[in-house]
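With chain Y fixed as given, assemble chain C onto it according to the hints.
Chains as they are written, first to last, in the numbering used here: chain Y, 1 to 480; chain C, 1 to 480.
Hints were generated in silico from the structure; no laboratory data involved. Treat each hint with caution, since some may be false.
EDC-like, lysine to aspartate or glutamate: derived pairs with alpha carbons at most 20 Å apart [stated by the list, open to error]:
1) C:199 / C:228
2) C:41 / Y:268
3) Y:62 / C:215
4) Y:41 / C:173
5) Y:56 / C:215
6) C:62 / Y:146
7) Y:231 / Y:268
8) Y:160 / Y:146
9) C:56 / Y:215
10) Y:402 / C:228
There are 2 protein chains.
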Amino acid sequence: MTITIKKYCCLLTTTFTLFFTILGCSTYAQQKNTRDAQMIKRIYDEMLTQGEAYEKLRYLCKNIGGRLSGSPQAAAAVTWGQQLMEAYGFDTVFLQEVMVPHWVRGEKEVAHIVNSRKHGKIEVNITALGNAVGTGPEGLLGQVIEVKNFKELMALGREKVAGKIVFFNRPMDQTQIQTGAAYGLAGDQRRNGPSQAAKYGAIGTIVRSLSTAFDDYPHTGTTVYADDLPKIPAIAISTNDADLLSDLLKEDPALQFYFETHCEMLPDVLSYNVVGELTGATYPDEYIVVGAHLDSWDLAEGAHDDGAGVVQSIEVLRTFKALGYQPRHSIRAVLYMNEENGLAGGRQYAVQAAKKNEKHIAAIESDIGGFTPRGFGLEMNEASLQKIQSWAPLLQPYDLHKLEAGESGADISPLKAQGTALIGLSVDTQRYFDMHHSALDVFEIVNRRELLLGSAAMASLVYLIDQYGLPYPGNGKQTE
Amino acid sequence: MTITIKKYCCLLTTTFTLFFTILGCSTYAQQKNTRDAQMIKRIYDEMLTQGEAYEKLRYLCKNIGGRLSGSPQAAAAVTWGQQLMEAYGFDTVFLQEVMVPHWVRGEKEVAHIVNSRKHGKIEVNITALGNAVGTGPEGLLGQVIEVKNFKELMALGREKVAGKIVFFNRPMDQTQIQTGAAYGLAGDQRRNGPSQAAKYGAIGTIVRSLSTAFDDYPHTGTTVYADDLPKIPAIAISTNDADLLSDLLKEDPALQFYFETHCEMLPDVLSYNVVGELTGATYPDEYIVVGAHLDSWDLAEGAHDDGAGVVQSIEVLRTFKALGYQPRHSIRAVLYMNEENGLAGGRQYAVQAAKKNEKHIAAIESDIGGFTPRGFGLEMNEASLQKIQSWAPLLQPYDLHKLEAGESGADISPLKAQGTALIGLSVDTQRYFDMHHSALDVFEIVNRRELLLGSAAMASLVYLIDQYGLPYPGNGKQTE
Numbered sequence: 001m002t003i004t005i006k007k008y009c010c011l012l013t014t015t016f017t018l019f020f021t022i023l024g025c026s027t028y029a030q031q032k033n034t035r036d037a038q039m040i041k042r043i044y045d046e047m048l049t050q051g052e053a054y055e056k057l058r059y060l061c062k063n064i065g066g067r068l069s070g071s072p073q074a075a076a077a078v079t080w081g082q083q084l085m086e087a088y089g090f091d092t093v094f095l096q097e098v099m100v101p102h103w104v105r106g107e108k109e110v111a112h113i114v115n116s117r118k119h120g121k122i123e124v125n126i127t128a129l130g131n132a133v134g135t136g137p138e139g140l141l142g143q144v145i146e147v148k149n150f151k152e153l154m155a156l157g158r159e160k161v162a163g164k165i166v167f168f169n170r171p172m173d174q175t176q177i178q179t180g181a182a183y184g185l186a187g188d189q190r191r192n193g194p195s196q197a198a199k200y201g202a203i204g205t206i207v208r209s210l211s212t213a214f215d216d217y218p219h220t221g222t223t224v225y226a227d228d229l230p231k232i233p234a235i236a237i238s239t240n241d242a243d244l245l246s247d248l249l250k251e252d253p254a255l256q257f258y259f260e261t262h263c264e265m266l267p268d269v270l271s272y273n274v275v276g277e278l279t280g281a282t283y284p285d286e287y288i289v290v291g292a293h294l295d296s297w298d299l300a301e302g303a304h305d306d307g308a309g310v311v312q313s314i315e316v317l318r319t320f321k322a323l324g325y326q327p328r329h330s331i332r333a334v335l336y337m338n339e340e341n342g343l344a345g346g347r348q349y350a351v352q353a354a355k356k357n358e359k360h361i362a363a364i365e366s367d368i369g370g371f372t373p374r375g376f377g378l379e380m381n382e383a384s385l386q387k388i389q390s391w392a393p394l395l396q397p398y399d400l401h402k403l404e405a406g407e408s409g410a411d412i413s414p415l416k417a418q419g420t421a422l423i424g425l426s427v428d429t430q431r432y433f434d435m436h437h438s439a440l441d442v443f444e445i446v447n448r449r450e451l452l453l454g455s456a457a458m459a460s461l462v463y464l465i466d467q468y469g470l471p472y473p474g475n476g477k478q479t480e
Numbered sequence: 001m002t003i004t005i006k007k008y009c010c011l012l013t014t015t016f017t018l019f020f021t022i023l024g025c026s027t028y029a030q031q032k033n034t035r036d037a038q039m040i041k042r043i044y045d046e047m048l049t050q051g052e053a054y055e056k057l058r059y060l061c062k063n064i065g066g067r068l069s070g071s072p073q074a075a076a077a078v079t080w081g082q083q084l085m086e087a088y089g090f091d092t093v094f095l096q097e098v099m100v101p102h103w104v105r106g107e108k109e110v111a112h113i114v115n116s117r118k119h120g121k122i123e124v125n126i127t128a129l130g131n132a133v134g135t136g137p138e139g140l141l142g143q144v145i146e147v148k149n150f151k152e153l154m155a156l157g158r159e160k161v162a163g164k165i166v167f168f169n170r171p172m173d174q175t176q177i178q179t180g181a182a183y184g185l186a187g188d189q190r191r192n193g194p195s196q197a198a199k200y201g202a203i204g205t206i207v208r209s210l211s212t213a214f215d216d217y218p219h220t221g222t223t224v225y226a227d228d229l230p231k232i233p234a235i236a237i238s239t240n241d242a243d244l245l246s247d248l249l250k251e252d253p254a255l256q257f258y259f260e261t262h263c264e265m266l267p268d269v270l271s272y273n274v275v276g277e278l279t280g281a282t283y284p285d286e287y288i289v290v291g292a293h294l295d296s297w298d299l300a301e302g303a304h305d306d307g308a309g310v311v312q313s314i315e316v317l318r319t320f321k322a323l324g325y326q327p328r329h330s331i332r333a334v335l336y337m338n339e340e341n342g343l344a345g346g347r348q349y350a351v352q353a354a355k356k357n358e359k360h361i362a363a364i365e366s367d368i369g370g371f372t373p374r375g376f377g378l379e380m381n382e383a384s385l386q387k388i389q390s391w392a393p394l395l396q397p398y399d400l401h402k403l404e405a406g407e408s409g410a411d412i413s414p415l416k417a418q419g420t421a422l423i424g425l426s427v428d429t430q431r432y433f434d435m436h437h438s439a440l441d442v443f444e445i446v447n448r449r450e451l452l453l454g455s456a457a458m459a460s461l462v463y464l465i466d467q468y469g470l471p472y473p474g475n476g477k478q479t480e
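Bound conformation, chain Y alone:
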């Protein structure tokens, strides 16, 4: 009760203070507000009527296609990104060397349930997990033991697991409203499942595809082998076939499964991040970065993941130039290499930024698909968070309702060390994990307006940060 009365007195003081502050500042604030609203409207209008991101994405998907690190397509994408940004006349365009893993899938995988009691041989849809070792042409045949999680695996122990193929079959939780949360909850099976299984003597691993859909498409993605355990072959199976296998195992726990994968890890190769820059007029040595990863999985065209983010990021700078906007800080579009199976590009960018003492006040990433934007995930100190949240009235007319503490993006995460405010474009992700890392991630499933709206959302936030800065913890002072 005492506390409440104290609070009430505070309210009284605050109200008076606020009242006179508002009287003094309102005209100036209103002018700034109107100018900002106008600029944001110009950004949206430019992109929605003249935006080039969609056609650029078509080119990247259809003429280059899937571009896994180390592949000829990844090299072609680097050249494409560099030439495009040069053609747009950005102030600086450069490549940043980075050594990346070179994993190749080889021949298409095959798999079948060998001797189900009732049904005989049944072919199933699989894909090798990224970075996994292959079985080679001799394939792998074994009994299957199904588990839902590592706890069940541990309970079974070496006795029940050794010599078998472990089948991780915990579905993504459909009741999660944010599909990214469901992905997070199920992801350990793919990332760590093979090594966890190897710990108990398993000879191979089947992982239920991390997908929100029930269909026949397997979804790949990186697995991470522990250094001190045997590396065993690992595949993802489509959700339909995971259900089928699970059903058949109930009928016949002794059934056998065969799969053949031809993937292998080759020596690291030289690749590049691609960086384009509009140099700041007032603070040329302070950077705001907008970016995405240029590499993609090989099963499709990497349209949503992350071709969308790539063309959106380039579009931000193209739009500023088209509108004749002279930024105060240097603004960079960064196309990171190797997010999918290594993050070498993101790490290298942060290393180089630190080496050159480049102060990065903010970094925005778009890497959850070119869907309708809903706001931003904010990973930063409280003062920066509040500052961005104070811009809500400027962003809500564009259906950007979410300005919350949350995840940003993998590629920009290494910049956290220098105190950069990290921001993730937050989009409607209901469809994302239906096609993520599968053969379905092609240009045709990207919607032009949704893609452009995401780019406009990022450009609007970059503009506001460029105008008003963010409290940068690197030096403790407010950047303006």
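Showing chain C alone in chain Y's frame:
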């Protein structure tokens, strides 16, 4: 300044009042809040894991298909809807007779640009507008005059228009963030263009498809002939071909255009609204309606428009039954017939409700596609609006951020006369007008989770209205 001080005193009083009110009510309010949050979570969990709307939509689209009023498919859809709701065991299921227009498209339309100077004959993609008269097998040949709006048409006058085909070519405004707003701004061309053109002696009308996309698909939709003007044939042309025609007209203003449509309006036929009900335990004579239209255009399967709304509405009642929820008010799923080219079903429902003195406290419609829901458009008195807005904290965890005064839905609009609170499910509409009324509106473009989330949003709001009522202006008192 005086006003401000007065306001400040008000704030003081309000704060004290609020403070003691909160002390007294907080525990009860918290309990209700927790109970409501739990119920909403149960609704979402049930639908996202056991929801049947998606598979029911597959049946409606694939086994019945497009179902224009008066067609055999519309009759089949009526039977399907009735049988499904009976199979679900709703307390009451009945058909409501309604006479509907019976327009038939006949043979597929053909059209070409006849004698463009450079290119000769060019086939283009068209579709007859709904309710339009046809040209018959002899077709229609004429010079084309392009206008952007009725003002330009009027300025040209009879002298320049008579004997020609008027080409309305104003695109949907891409800069509108809400595509529905752009549709509204461009829609007069299709609805009233033919009669406006006829006023000046035109012999036919070509309307640029109301689409946000640039492609080869023509989009149909109703045109409304004025009673006192000649009815002239009217078609929509794909956006790509509209641009082509416009370009060719610049080269050769005298080019001719030929089209052939075989549509005609037949005598009205008997059809039905389909109504399913869970009868209220406390207020059986007070109704909350959730609905959508059962008819669709004939060019595709009416998947988003409005098969989605149909299966979502049925799913709301199925879920309440599955959860063992006993509603206090009677809750109805209403499948209206003939929204697309007449609204006879919506009108009839309101007429019957008035005749039987059925008090409808709220009506919710889903008719802008089965996309991710973002909230609700609220068309009601201020007290009801505020009451619904007070539930925002319960809805925001499900990404329902929009609770704003706005449009609701065509089918429920006739209930406005009895003071019913009208509510439209508000969804992400960026993709809607790419496929709306075109051959693209098929089951495959509906996403299962997006569809189910829309249904869960509606069920959650129905639940809250059922629990707490809405101020119903029919009798001035608060329904509880």
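For each hint, the structure was consulted:
no. : hint          : in the structure
1   : C:199 / C:228 : holds, 9 Å
2   : C:41 / Y:268  : violated, 48 Å
3   : Y:62 / C:215  : holds, 18 Å
4   : Y:41 / C:173  : holds, 14 Å
5   : Y:56 / C:215  : holds, 17 Å
6   : C:62 / Y:146  : violated, 36 Å
7   : Y:231 / Y:268 : holds, 18 Å
8   : Y:160 / Y:146 : holds, 11 Å
9   : C:56 / Y:215  : holds, 17 Å
10  : Y:402 / C:228 : violated, 52 Å
Hint check: violations occur at hints 2, 6 and 10; the rest are consistent with the structure.
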